[in-house]
Amino acid sequence: MVEIESTSPASVPPAEVEEVELYHATNFWTKYVFSQDAKIIAIQYSGVAISIGLVALVLSSLIRLQLGFPEMFDFITPESYYQFVTMHGMIMVVYLLTALFLGGFGNYLIPLMVGARDMAFPYVNMLSFWIYFLAVLVLVASFFVPGGPTGAGWTLYPPQAILSGTPGGTGLGIILMLVSLALFIVGFTMGGLNYVVTVLQGRTRGMTMMRLPLTVWGIFTATVLALLAFPALLVATVMMLFDRLLETSFFMPSLVEFGDQLSYGGGSPILFQHLFWFFGHPEVYIVALPAFGIVSDLISTHARKNIFGYRMMVWAIVGIGALSFIVWAHHMYVSGMHPYFGFFFATTTLIIAVPTALKVYNWILTLWNGNIHLNTPMLFSLGFIVTFLNGGLTGLFLGNVIVDIPLSDTMFVVAHFHMVMGVAPILVVLGAIYHWYPKITGRMLDEGFGKIHFWVTFVGSYLIFFPMHYVGLVGVPRRYPELGDAAFIPDSVATLNSFISIAAFIVGIAQILFLYNLFWSLRNGRLAGANPWRATTLEWQTPETPPGHGNFGPELPLVYRWPYDYSVPGASEDFLAQNDPGPIDSGNSP
Numbered sequence: 001m002v003e004i005e006s007t008s009p010a011s012v013p014p015a016e017v018e019e020v021e022l023y024h025a026t027n028f029w030t031k032y033v034f035s036q037d038a039k040i041i042a043i044q045y046s047g048v049a050i051s052i053g054l055v056a057l058v059l060s061s062l063i064r065l066q067l068g069f070p071e072m073f074d075f076i077t078p079e080s081y082y083q084f085v086t087m088h089g090m091i092m093v094v095y096l097l098t099a100l101f102l103g104g105f106g107n108y109l110i111p112l113m114v115g116a117r118d119m120a121f122p123y124v125n126m127l128s129f130w131i132y133f134l135a136v137l138v139l140v141a142s143f144f145v146p147g148g149p150t151g152a153g154w155t156l157y158p159p160q161a162i163l164s165g166t167p168g169g170t171g172l173g174i175i176l177m178l179v180s181l182a183l184f185i186v187g188f189t190m191g192g193l194n195y196v197v198t199v200l201q202g203r204t205r206g207m208t209m210m211r212l213p214l215t216v217w218g219i220f221t222a223t224v225l226a227l228l229a230f231p232a233l234l235v236a237t238v239m240m241l242f243d244r245l246l247e248t249s250f251f252m253p254s255l256v257e258f259g260d261q262l263s264y265g266g267g268s269p270i271l272f273q274h275l276f277w278f279f280g281h282p283e284v285y286i287v288a289l290p291a292f293g294i295v296s297d298l299i300s301t302h303a304r305k306n307i308f309g310y311r312m313m314v315w316a317i318v319g320i321g322a323l324s325f326i327v328w329a330h331h332m333y334v335s336g337m338h339p340y341f342g343f344f345f346a347t348t349t350l351i352i353a354v355p356t357a358l359k360v361y362n363w364i365l366t367l368w369n370g371n372i373h374l375n376t377p378m379l380f381s382l383g384f385i386v387t388f389l390n391g392g393l394t395g396l397f398l399g400n401v402i403v404d405i406p407l408s409d410t411m412f413v414v415a416h417f418h419m420v421m422g423v424a425p426i427l428v429v430l431g432a433i434y435h436w437y438p439k440i441t442g443r444m445l446d447e448g449f450g451k452i453h454f455w456v457t458f459v460g461s462y463l464i465f466f467p468m469h470y471v472g473l474v475g476v477p478r479r480y481p482e483l484g485d486a487a488f489i490p491d492s493v494a495t496l497n498s499f500i501s502i503a504a505f506i507v508g509i510a511q512i513l514f515l516y517n518l519f520w521s522l523r524n525g526r527l528a529g530a531n532p533w534r535a536t537t538l539e540w541q542t543p544e545t546p547p548g549h550g551n552f553g554p555e556l557p558l559v560y561r562w563p564y565d566y567s568v569p570g571a572s573e574d575f576l577a578q579n580d581p582g583p584i585d586s587g588n589s590p
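All residue numbers for the sequence shown refer to my numbering, where the first residue is 1 and numbers rise by one.
Hints are computed from structural coordinates only; laboratory data are not their basis.
Any given hint could be a false lead.
Between beta-carbon pairs, the in silico distance windows are [to be verified]: (1) Leu137 <-> Ile372: 41 to 51 Å; (2) Thr155 <-> Leu389: 23 to 33 Å; (3) Phe505 <-> Gly259: 36 to 46 Å; (4) Leu228 <-> Ile351: 13 to 23 Å; (5) Pro543 <-> Gln201: 20 to 30 Å; (6) Thr155 <-> Pro543: 47 to 57 Å; (7) Pro569 <-> Leu228: 41 to 51 Å; (8) Gln160 <-> Val474: 38 to 48 Å; (9) Phe258 <-> Pro78: 14 to 24 Å; (10) Thr208 <-> Arg534: 17 to 27 Å.
We treat Cβ as the ideally placed atom computed from N, Cα and C, and that holds for glycine.
Kindly generate the complete structure, drawing on both the sequences and the hints.
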């Protein structure tokens, strides 16, 4: 199906502006530490994000120790359990996934995929990483202050978030969390403006918006969402800081604590929930949209098949992004909203499932009759499709007001959320690392280790979260460190909790194999060559692997076609790169 025509060399438009001279590092510090090269910054983002993500992984193991084997570990107190849950959730959603998809993959791939030398504002890009790093340090510091980190839950709901009955509520724990979030948002805004301007203004000649790889479309749209959604969270954090430090009452109603009347009065805790979820639901798609784009590119490349319905995929990404701003209150059905509002948000929740389902259909149709290579990146991509589909189906349950209200505070929500926002995007992250590692390092990751890593992670994740749905359906509440002898909880729950914990430990240990593969392959991996996957996009057409400073040598590439010309009749190989001028009438270029 021809949607976008390829162009001849003569029809590529001339350059509108001259190239700007890049900043050239003069020593180790300016080349590798305070670097202005987007590729180095991407590796810095990824290294910090994965490091703090491993902290969250350890915290999840401690959570599962308590749930699977209650009263066996004296060092896990109810207070510390709530602190583990809070820090695990916030780190995974914001400091790992958001930073990794946008700061890591965004920095590395956007300039290479659009044919740019670097980001539009390299110095600002450098600052964005160091502010993110400072935000992580502030967050980690909360583990070491008196009282420890906040235990308010990752949503940080007031009033309990800043009261003395909550771990870290009246100490430095909640203050450091809020300051860290504010710093993260400032740093992201600097980086996000870079991503948007580079995509809009930094594209090479011939690279129209409808020739961008879907990875770029996903990251670009997610960045726009974040630039619009993060200010709501920033406002909420600042207002809560004022409530905590200056005793204002933005979110704090009149309260009596241990018999004492507090000075607060007139605030609205529900206002915080609206601000938080106005950020929080777009945040789901800030993580999901880059994953959608990346998995589209991985499937097309490793199935040797042009993506089915490219324009539909682009507009589905844009449509999902727009709709994500009018579904936030489906997280708040139990907050006492008017039934008409519940009906509205339940309806929009079902509507946003339509463009999401279209993407799943297009992935399946891309795979149909493709020359599928079941290598590690493809396995992770297929695992993502299955997992996101399963997680999305349970989302239809929770989008319905009548079903959501009894399930809202159960482990069913935990299982759903982890399938959609935990397992699914992590599978894409891992698949993307296996796919682009050869470009970043010049060496291949070990395929045997990779397949073992995939199967243990994929099967293990289902052994964790499928039983958890049942645990929630029988009424087990979330956020409880132990269940005791509640009459409504069957004996099978204790057995399942132990089973889930053991599965979680196995999956966690499997990630050590992945880390070993990463570092072992740096020296011992097979040399990758320039384009080991025989891919069409510009990052695989650089004169050097890994790409040098400035990415493309003395001349920027010219783009003649879309990024999915695979299995092209008459071509010397089974693909045509975007900067390959012929054959023009291949028939596979949309």
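Hints, one by one, checked against the model:
1. Leu137 <-> Ile372: 41 to 51 Å: 44 Å, holds
2. Thr155 <-> Leu389: 23 to 33 Å: Roughly 26 Å apart at Cβ, these two residues keep to the hinted range, so it holds.
3. Phe505 <-> Gly259: 36 to 46 Å: 44 Å, holds
4. Leu228 <-> Ile351: 13 to 23 Å: 19 Å, holds
5. Pro543 <-> Gln201: 20 to 30 Å: Hint holds: Cβ distance 24 Å, inside 20 to 30 Å.
6. Thr155 <-> Pro543: 47 to 57 Å: 48 Å, holds
7. Pro569 <-> Leu228: 41 to 51 Å: 44 Å, holds
8. Gln160 <-> Val474: 38 to 48 Å: Given range 38 to 48 Å: violated, Cβ gap about 27 Å.
9. Phe258 <-> Pro78: 14 to 24 Å: 18 Å, holds
10. Thr208 <-> Arg534: 17 to 27 Å: The hint (17 to 27 Å, Cβ to Cβ) holds, given that Thr208 and Arg534 are roughly 24 Å apart.
In terms of the numbered hints stated before, the structure departs from hint 8 and from no other.
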